[in-house]
Structure formats: structure tokens, C-alpha cells
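Enquirer: So the protein lines, in turn, are chains A and B.
Following the working numbering, the numbering of the first sequence begins with 50 at its first residue and continues without gaps.
Following the working numbering, the numbering of the second sequence begins with 4 at its first residue and continues without gaps.
Quick caveat, the hints were computed from the structure, so don't treat them as lab data.
Be careful, since some hints might not be right.
What the hints assert, rightly or not - Per label pair, the in silico range of CB-to-CB distance:
| no. | chain 1 | residue 1 | chain 2 | residue 2 | range |
| --- | --- | --- | --- | --- | --- |
| 1 | A | Arg183 | B | Phe144 | 49 to 57 Å |
| 2 | A | Arg62 | B | Leu104 | 22 to 30 Å |
| 3 | B | Arg198 | A | Glu224 | 50 to 58 Å |
| 4 | A | Asp181 | B | Tyr139 | 43 to 51 Å |
| 5 | A | Ser188 | B | Phe41 | 28 to 36 Å |
What the hints assert, rightly or not - Some chain B residues well away from chain A (every beta-carbon gap over 10 Å; in silico):
| no. | residue |
| --- | --- |
| 6 | Ala187 |
| 7 | Pro203 |
| 8 | Gly232 |
| 9 | Met263 |
Just so it is clear, CB atoms sit at the ideal spot from N, CA and C, and this is done for glycine as well.
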Amino acid sequence: MNAGLDVQAVVRRGDFDLDIDVHAAPGEVLGVLGPNGSGKSTLLQAVAGLVPVAGGRIAVDGQVLDDAESGRFVEVAARPVGYVFQDYRLFPHLSVRDNVAFAPRARGAKRSLARQVAQSWLDRLGLGQFADRRPQDLSGGQAQRVALARALAGEPALLLLDEPLAALDARTRLEVQAELKRHLAEFAGPSLLVTHDPLEALVLADRLVVLEEGRAVQRGTPAEVARRPATAYVAALVGLNLYAGQAAGDHVELDGGGRFVVPDHGQVGSVLVALRPSAVVVGRHRLDEASVRNVWPARVRGLSLLADRVRLDVVGRPSALVDVTPAAVAELGIAVGQEVWLSAKALDLEVYPR
Amino acid sequence: MARPTTLRPAERARRAAGGGQRSAPGVILVPALIALAFLLIPLGGLIIRAPWTHAWEILTRDDALDALRLSLWTTTLATGISIVLGVPLAWLLARTDLPGLRWVRALVTLPLVLPPVVGGVALLLAFGRNGLLGRYLDQWFGITLPFTPAAVIMAQTFVAMPFLIITVEGALRSADAGYEEAAATLGAGRLTVFRRVTLPLLAPSLIAGAVLCWARALGEFGATITFAGSFPGRTQTMPISVYYALESDPDAAILLSLVMLLVSVLVLVGLRDRWLRVGASS
């Protein structure tokens, strides 16, 4: 018997198929990160029983919920699952209290007991004073917490969260995110958290699975994923330059042209090289400094202002995204079409097998 | 040569606000007004010709009261039966993929377009003393349906239930299945989902469908008179009573008609949010 959630399944939806193998231990928050249409929500729906698997099986704490081979299928209502939907789906005809009391009621509790259970969950999430309101009268952050309370009130063995913060505005999101992290830490079972927001995944998840086109393309802790992205999508999410190439000890020949001198760890064969945009230095002239081993000419293709810096899109061998301060842009007189020299220290290049 | 006209200040302001030219040319205006007059004059006639001075006296006479009473309780019962049987059928039509459902839907809506008298004949052939089922009801249980209040209710249900079914079915189709999914993940079985989520969310449409169904049952004439006949106090509903009174007692006919007109207006007002606003907002 295996504690936690075990998914090893193929789920078909029309032309799309999700083929995935994930495990989440009790108490662990597994972040599922991926672009739209990558199959994240399909994974949650399969675990909840809203779509059956076409192959493989899904089990929670050793109890098989869905098994394509034996045909065993536990109906949605009988699964020990708490589901927080992206749009919350709070019942508009019920008060907040009755929304949260829904699961205890549906599982056979008397109305008064179910309401007590609901009230205690609402108090725990700091929502006690909203119990008599209708969901329509709540703010986004409050509705999100009610949705969480409603899912938890069913005492699930497993928590599924589908983009739990996506419907919130930026300010509320940070607030609710901190709180959600606390509640997820208190939850004893495994949690599956679907998101397309890398920051949310980095903050909330203990471990990450990155999905692309129905396949897991990377797994690891948030720190690993952020430092060593496996695909261009992940690299873009975490804001890194990513290059594929062939390593030969102290240098890497890049597949797209160009070469990098790297710290020699005796690495050979196919590798990925990650480079922070802020680790690239831009100059009008060639930098002659012995410590900087990588220097190459390039041309500025675009500039965009981020919060406190300017991101340059620079074309060369290789091309790169480069972060500089607005002051540097002015001092260097950088403009679109400008010829510049780029440089990067070997030590700033993260090289890892592909 | 351009011919100038006069633009009144009100019209000037309206056009300035982006209203465009809104006056109608005569070719459209004249037939439109004739149509309006055609619809309104008869109703106005009812009001003008009504014997207002002894209206109360006529309406509280036994025969008028009998018809009123009979109509009220039979239509209410017919509506109740339509809800109990029609909502499940609407659910079946909206939410399942049973084979032949397309045909079932067509058959269900047939009474909407079928001449009611044909419905009455069909009911007679099915439930009459020598009818398909009526024969056995008579032989085995001694139950005779035609020309009883039960027949009135059956005729009304036959013609009115489809109104409820299509209203509720439409609402079920457009309803957000997300709430039902959410309820299922919270441990609610299919029946609980239906009872605690689907039905309450359906309530506004259910009420509209029921009102529509009730109004149609109240006006039912052809199927009723064919299947239930016209026995004062037993099967003579208001519309039938009006029809017979027109020869013997025109004043009563007019007043009963006015009562039904009033009910219709009330139904329209009650459902205005549902229908009239559509016209206003588009």
C-alpha cells in the first residue's frame, strides 16, 4: 500500500491525450505547472472522477479510484477529494454557511451538525462573520477562501486546486497566497495545485511537475526548476535564457550557433545552458577583461520596460535577453538596431545535461 | 434641389445623441397601425360593452361561480401534475443520450401545434369507455373518465404540459453544469445534486413554465369540450361557459371573458422580466 496520491494514467479528450505519471506524498503540495491546453486541468478532473482514464490507474492511499484495465471506477461523489475550482463555483442559492455545510450534509450529517462543522471551518479561515452572506456578496479573496473552506469541510484525503488564485487581482493575490500556503501546510493529505503562474508555483509548491502538450517535461523542487529549466517554456516562465548545445569539457558549442566557455566539470554530450538576463553585461565596445571569458557582438532588436529595469532583446550568436538599468540605457545610448558587445562570466552559466 | 424640412428641438437633440432618423415612412406606419388596432379594438370592445353596473351580481351568480371554481382547481391540479411529471421528462430530454430522444422531443412538443380538438378526440379514443386503455379501466376498476372533472384535468394537462417541459428543458440545457460537478465532488449523489443544486437553480424557469402552463390550461377549450363535455358544475370550465353563455346570457359571457383577460394580463406582468425585457434591451 502506498500512502498519498498515485497517478499513472492516460486520459483522452478528443484529439488531446494526457499521459502522465505523478506521485504526491501526504502533506506534500505538488505544483502542476504548464501553459494553457497542456492538460493540467484534465489531470485534476481525472483524479476527481469527472473524466475517466483511458489507460493506467489512479489511487489514493492505496485505494484504487480508477483503473482502465480492471474497469474499476469510483464515482465522483464517493471519492475522498476536495476540489477548489478556478471559478470557485459557490452555489449562488445557498448562504456561505450552507455552501460550506454542503459536503457534510451530502455525506449524511444532520443539518445542525453540518452547520456547526461549517461554522468551525469558516472561523478557522477567518470567515466567521460572512456566514450568512450570499456568495455574490463576497469579494474575490473571500470567495476564494470560502471555496477552500467548502472543499476542506468534506474532510478529503486529497486536495485539488485548479488555478486557485487566477481570478484575483494582483494585490489580493499576494495576500490570499500567503494564507493559502498556511492552510496547505496544515492539510495532512497530498495537494495537487494547478497553475500557469510560475511565482505561485514557486511559492506554494513543495515539488513541481511541468506539463507541456500532455507530457511531463520536467520534475523537481521549485528551486531546481527555476535554476535549471528543461524547456524553452519553463525558461521563459522563470525568466532565463536557455541554450541547447554540445559540451566538450571547458566549452559548449551551441546548437543555434555560437559557443560558451564554461566552468570545466568534464561534462560532454548534449547539455542545456541557462543564463540569467541580469548576468549579461552590455557595452558599446569590446570588453577586455581576462576574467570574462565570453564576449560576443550583437544587435539590439527590442527594448521593454519591466518594473525597475529594461529588458533588451539582443540578436547575435547566441541571441539573449539582457536586463539593464534604465540609467544604463541612457548612458550607453542603447536603441533598436544598435550594435553592442555582450559579455558573460563562465561562472554565471548553469550547465546541465539535457 | 434639396428641400429643407423643419427639425423640432426634441428631434434635433435625439439625433445629436446618435439616435439616427427614427420616423417611420407611411408605407410601414399605416399597416402597423391597422395591425395594432385589430389587436386592441376587440379587447377594448369587451371593456366598453361590459355591464359594469351589475357586474358583481352576475359574477357571483351560481353558474358563473361554479365555472370559476371548477376552472381554478382543475387548472391548478393540471399544473401540479405537469410539474411532477414534466420536470423529470424535461431532465431526461436535456441531460441524457437515450436513443430516439430526438423523436421523443418532437412528440412532446406536438400538442403545442396540434389543434386542441384533435387532442380531445385522441384522449377519447385512448381513455373513452371503449378506448384503448379506457376499456380496461372500465372493465377492471369500474372507472369511467370521459365527461368527468378528471377528464377536464387530463385535457388541460395534455395541452399545457408541453409549455412547462420546453421551458424547463431549455433552462436545464443552458444551466451551468459546473455547479453540479462541484456538488458531486462534495459527495452529493445524483439525486442529491438534482434536489439541492439543479432544482433550486432552476426555480425561476420552473415558476415561469408553471405560470405559462397554468395560463394555457385555463384557456383550454377544444380538447376539454371534446373529452369532458360541458356539464355545468362538473366539466363546464370558464371558456366553455363563456361560449354557451354568449347565446343565453351575453352579459355573463362578457364578464367571464374580462376575468380571463385580467388573468392573462397578470400573467404577462408576472413574466415581464422574462419576456418583455428581451424586447426592450435588444
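Enquirer: All hints, please: hold or fail.
Expert: Hints versus structure:
1. At roughly 51 Å, the beta carbons of Arg183(A) and Phe144(B) sit within the given window of 49 to 57 Å.
2. In this structure the supplied range 22 to 30 Å holds for Arg62(A) paired with Leu104(B), their Cβ-Cβ distance being about 24 Å.
3. With their beta carbons about 37 Å apart, Arg198(B) and Glu224(A) fall outside the hinted range of 50 to 58 Å.
4. Between Asp181(A) and Tyr139(B) the C-beta distance comes to about 56 Å, which lies outside the given range of 43 to 51 Å.
5. At about 55 Å, the beta-carbon gap between Ser188(A) and Phe41(B) misses the expected band of 28 to 36 Å.
6. A beta-carbon of chain A is positioned within 10 Å of the beta-carbon of Ala187(B); the least distance is around 4 Å.
7. Interface exclusion of Pro203(B) from chain A breaks down, the closest Cβ pair being 4 Å apart, not more than 10 Å.
8. Distance check for Gly232(B) against chain A: the nearest CB is about 45 Å away, which clears 10 Å, and the non-interface claim stands.
9. The claim that Met263(B) lies off the interface holds: its Cβ sits roughly 34 Å from the closest Cβ of chain A, which is beyond the 10 Å cut-off.
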